[in-house]
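Chains R and Z: place on chain A using the hints.
The chain contents come next:
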Amino acid sequence: MSDKRLGMLIDLSVCIGCNACTVACRQENETPLTKFNTWVESWDAGIDGRVTRANLPKLCNHCANPACVKVCPTGASYQAEDGTVQVDPERCIGCKYCMAACPYQVRYQLESGEVDKCTFCHHRTTEGLLPACVSTCVTTSRMFGDLNDPDSDISKKLAAAGDKAKGLMEDRGMEPRVYYIGLDETLGAEQLSAVHKGGNVLRRREEGNA
Amino acid sequence: MLDPTLANGVITPASEGINWVPIKPATNGAFYSAIAQILIRDNTFDAVAMACPTQKAAEAAGYGGYTNATYLVITDENHPNYRKLMRAADAGLEEPPADPAATTQPTYYVVIDAATGAPALHTDAAKGDLFFEGEVNGVKVRTGFSMLRDSVNERTIDEYAEITGIPASEIERMGKEFGSHGYKVSVQAAAASTASVVGFDTPAGRELLKAMMGSNQMTGGSFPSGQSPVTEGKGACYDLTTIAGLPNVSAKNAAMISRGGKAWEKTDEYKNRVAAGEKDPKPMLPWYTNAPQSDAQAIMSIVNQYPYQCKILMTWMCNVIQATPGAMRDEAIEKLKDTSVLPLHIVCDIVVGEMAQYADYIVPDVTQYESFGLPTVSMIGGFGTTIRWEAKAPETAKTEDGRPICWETFLIDVAKACELPGWGENAIPDVNGQMHPFNDAYDYYLKGVANLAYAVEPVEDITPEEAHMQGLDELGDNWKKAVTAEEWPKVLKVLSRGGRYWPMDYKRGADGRFKGLKAKETYVYNEKRALMTNPYSGKRLSPTLNYNPQMFADLSLMTDHYSAEEYPFLCSEHKPKFRSVTMLANSPIMRDICAHNYMEINTEDAAELGIKDGDIIRAITPRGDVTEGEAMVRDGQVKGAFSIEFGYEHLAYGAQDVEIDGKLVKGDPAIAAGTRIHMMLDPVVAEHGGMGIIADTDASSPGRCGGMFKIEKA
Amino acid sequence: MIWDALIACYLFLAGMGAGAFALGAIAGWGKDPALTMKKVGFIVGPVAVAVGTLLLVVDAHAGLQNPLRFFYLITNLNSVMAWGVIILSVFLVVAVIDLALLLVKKETPKWLDGIGVALALCVAAYTGVLLGDAGAAFPLWNMAVLPVLFVVSAASTGIAVVALATHLLAPAEVGRVALLKRAGLVLPLVEGALVIVLLAVTAGAPGSAAAAGQASVAALVSGPYAVAFWLGFVVVGLALPFALELVRARKGAAAPERSVGADVAHDGSGKTLALVGDAGVLVGGFMLRYLVVMAALPVAFM
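First to last, the sequence lines map onto chains A, R and Z.
Here full-length UniProt numbering is used: the first residue of the first sequence is 1, the next is one more, and so on.
Here full-length UniProt numbering is used: the first residue of the second sequence is 1, the next is one more, and so on.
Here full-length UniProt numbering is used: the first residue of the third sequence is 1, the next is one more, and so on.
This is chain A alone, in the form it adopts within the complex (with noise of 0.2 Å):
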């Protein structure tokens, strides 16, 4: 292994939930239509008496303790050198325990029967060039490099926002490597409306809080 650990920032302070990350992706990766290797979910929030509008992209997160990567009887998904976590068609036979295994539940099957997901743009990453969701980003809210780095600005980003910086669902014990900013605020706000991924809904209100 190098000493080489991708991740990413997003601050949600900033996200408008404008969706741009949707469609890169999906030009970018050409996603088949209905999967989506980042999105992005919204829903009114309440938080003291105001109520606001949530936005929360989701992607891999590229885990340090993956459990898809245990799970994977074939070794088709792996860790790459850069920490990422990659699915090699190759050898994977579509028993889509990594799919069942993932607590994010971002892994989807092709209709050839590989398993997919995002690569964190693995193949722009290798060229020096931003994943095309951060590139994209029209207001920064998502940051992206090397963790291991201390200079590198995802680390100093990370490094001032201290505690305020937390991955989703930690205690599933995966150690996710997409931070977010203001998840603690984002996920104890009151849900007041359906939860819509990019435009579909995706929980009615009734359902649960998100």
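Keep in mind the hints are simulated off the structure, nothing from the lab.
As the structure is a computational prediction, the values presented were derived from the model and not from experiment.
We treat Cβ as the ideally placed atom computed from N, Cα and C, and that holds for glycine.
Don't take every hint at face value.
[Unchecked claim] Label pairs and their computed distance ranges (CB to CB):
| hint | chain 1 | residue 1 | chain 2 | residue 2 | range |
| --- | --- | --- | --- | --- | --- |
| 1 | A | L202 | R | A393 | 56 to 64 Å |
| 2 | A | D88 | Z | V57 | 40 to 48 Å |
| 3 | A | T140 | Z | V221 | 43 to 51 Å |
| 4 | Z | A243 | R | A670 | 49 to 57 Å |
| 5 | A | S112 | Z | A170 | 46 to 54 Å |
| 6 | R | S580 | Z | V57 | 47 to 55 Å |
| 7 | R | K266 | A | S135 | 53 to 61 Å |
[As the list claims (entries may be wrong)] Example chain R residues on the side facing chain A (calculated, C-beta under 10 Å, incomplete):
| hint | residue |
| --- | --- |
| 8 | L2 |
| 9 | L6 |
| 10 | A7 |
| 11 | G9 |
| 12 | W20 |
| 13 | G138 |
| 14 | R142 |
| 15 | S225 |
| 16 | C594 |
| 17 | H596 |
| 18 | N597 |
| 19 | G610 |
| 20 | D613 |
What follows is chains R and Z alone, placed relative to chain A:
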């Protein structure tokens, strides 16, 4: 952020210092009046800024703009100039001698000079009296500001709270805060907030509040946006605006087909009908004395064949019939299709939308990646211009000489065929007076880019290495021929950067103001509005800011026609994330991310109506127009109004089956998904035999938001 | 749903096959071996497990279209599934050899039976561990409870399928295996208790699993799967076989000197009760796998 709907933006649980305040659509006049009332009541407005009667006086006092708040208004009903601002002659004051060199002479208004307490020309006073009411030269007058004070005090804060749906305490809080930062405040309001039958109140209130705090053209206040060097005009290299041999045709007496800019009494029709013995004739569709051009009103004129028949309609990249609220209905579409109503209809577009569907000819255009443009980004405060250029070769068919078929090619070839001046050979002058050809899009836009490249001070040449890295060295002779060999590497430099931008300091003066200060007047008293009479009722609108309830074309209240109890709901539209105004429903990706829009309705309203999230509901106007869609029950929607994202519920645009050369091409119903607001037409216009949209009776802009609805489960 | 009824069938068949094989082996060990029962167990065992495994292969679309990729299956020994592949394979080999010996030589070495039973236990437990290792994503798939529950259910269903066949083929043998007498009463109670524990643990899942855990339990007991759960699993799968077994036990107690003759004497009603009870256990066994697969909700979407 005041908005009927918590739509797109950064009001998230994680963002601090910004709140969403729900406001009912079509009530902005009430909100602005309330804030103005508080500023006057608490004396927290900037009385110095408001009292500067000229730009000169304002700048001398450290401000960037002035108002006509101190100008005297003739309030004597018997005076021939009643409702007008008092002129020097009305006051018996002498005007300075006219400047023989000037083409137009200034108008001299009258103020009470704060220094002397005596009437003076507005140009002679450093500061006017804001509150004067009395007689000048025997004429009853008062200041516009004193009238404003009365008009914003027509209602109490509690009444404004009731109208807007904003709690009085919240209005008070906002009023106090707005008055507590000196000139470092501003108001942004545009788009749908101006699109109601009382939409004029929005820009009027916005400008008033900015002026009341002296914030215009101030750094940290209402700083001007959208400045750029001259590109498509008389620029540093080329003059793209002067047309040699332009025929001298005056449009001064012409009537715009959208019926704006002309009082009904001034029209030929009115005069002819009076001459024919008709007493007090009324128009079929309203005329708007002070309104600018309006595509929405133009389309209604076309389908009504009033005030005259439109024989040739040419539209480029727009879908007016869908974008005009209430217009896309069978009666209107039948007229558009009817060649006896509209003999020739040419559309240039990249898609075949509802408008193009009924055209006689469709000229294919190119997409934004295949075309040029030099838009100044108006919402960003800096100085500079963005460039859109042909990043990929256009995919449309080509002319015989190899040019892509597009809007520019069409215009050039038609203009040349008609032998119009300013096209073809020897069309575009450079700064040295030499003439250059205009035969394709490059000839025009690349000269605009050259103007930008040489503006202020010329950019450096692009290095061959960089040109090669970006593939700019592959551009062909058709590009290069548009500019000189010396200009070319600088043009490439600007293309490579996607535009040219100056640092903010370029616009910020050391004195805390905009460096390029221009005269900026705010009307506290709107004389044009004061003099305007309604073509149907003869009634007038308030010349100072106030709250206007929703009205029909004759200024009668909507609620006088229809029961507010039966039709208690308003509507509003907001910008969609996954569609444009009329396009993008053809994109499978966009449809995948968002299949349809929703009828967004407040949680408490929904509970009262027994509506659950996901129910199919209907909003019905008193005239029977039905908007039907899926309910989104949310707290992010103001009580008393429903809202939708526009751009949905297409009739055509690939949603419908079409027959092409005898072959049936199946439509995709997914393109038609969602809903659009089916706004009622104006019943007063209908009484006069016209099919007219509800609209602002001053600005003529369509009543997109507001209206009257009842909501029920489908 | 990531996995569906096909995988539920596999989980059911593997468990039932393992249970059947184990029972077959045990039936052959006593002083008075029940040979038909042994044969039934030895046939049903490998066949059910093999069919189940085939379903797995069919479900793995990418592998089905590129069969060589199945050779990668034991690459990652951190994966429960890789171990499952090994366990299933070895079990099938042992079970088939054992069956061949039984058919050819009419007897099997006890040590081989022992290995087979141990492997059968692994197969049964594995189906639970497989789901359990995805428990971080699906709170219903509890690693502590599910393997035990599936082993118990495997025993129930294995016994049921073998008993069912034996009742039809050689009714006299049924009474010979002492284990069976108690199993019909004990296993449903144990299984019921384990399901209660599973539901309780799931409903009480902490932290980010809480909402999905509660929703999964609600889906089972009062939601879209409530009918399948209460009727298919609890009534048909547990209560009915237990009640019938109770009736049979009472009848057996009424004839304390239970003998071959006595058994034959009340053959008519007793056999029907037994057949119905066994069928109920099989239905319940499938419903358990189906419900655990289908009603589980992921933590991500709550």
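>> Name the hints, by number, that the structure is in violation of.
In response: The structure conflicts with hints 1, 2, 8, 13, 14, 15 and 19, although it agrees with all the remaining ones.
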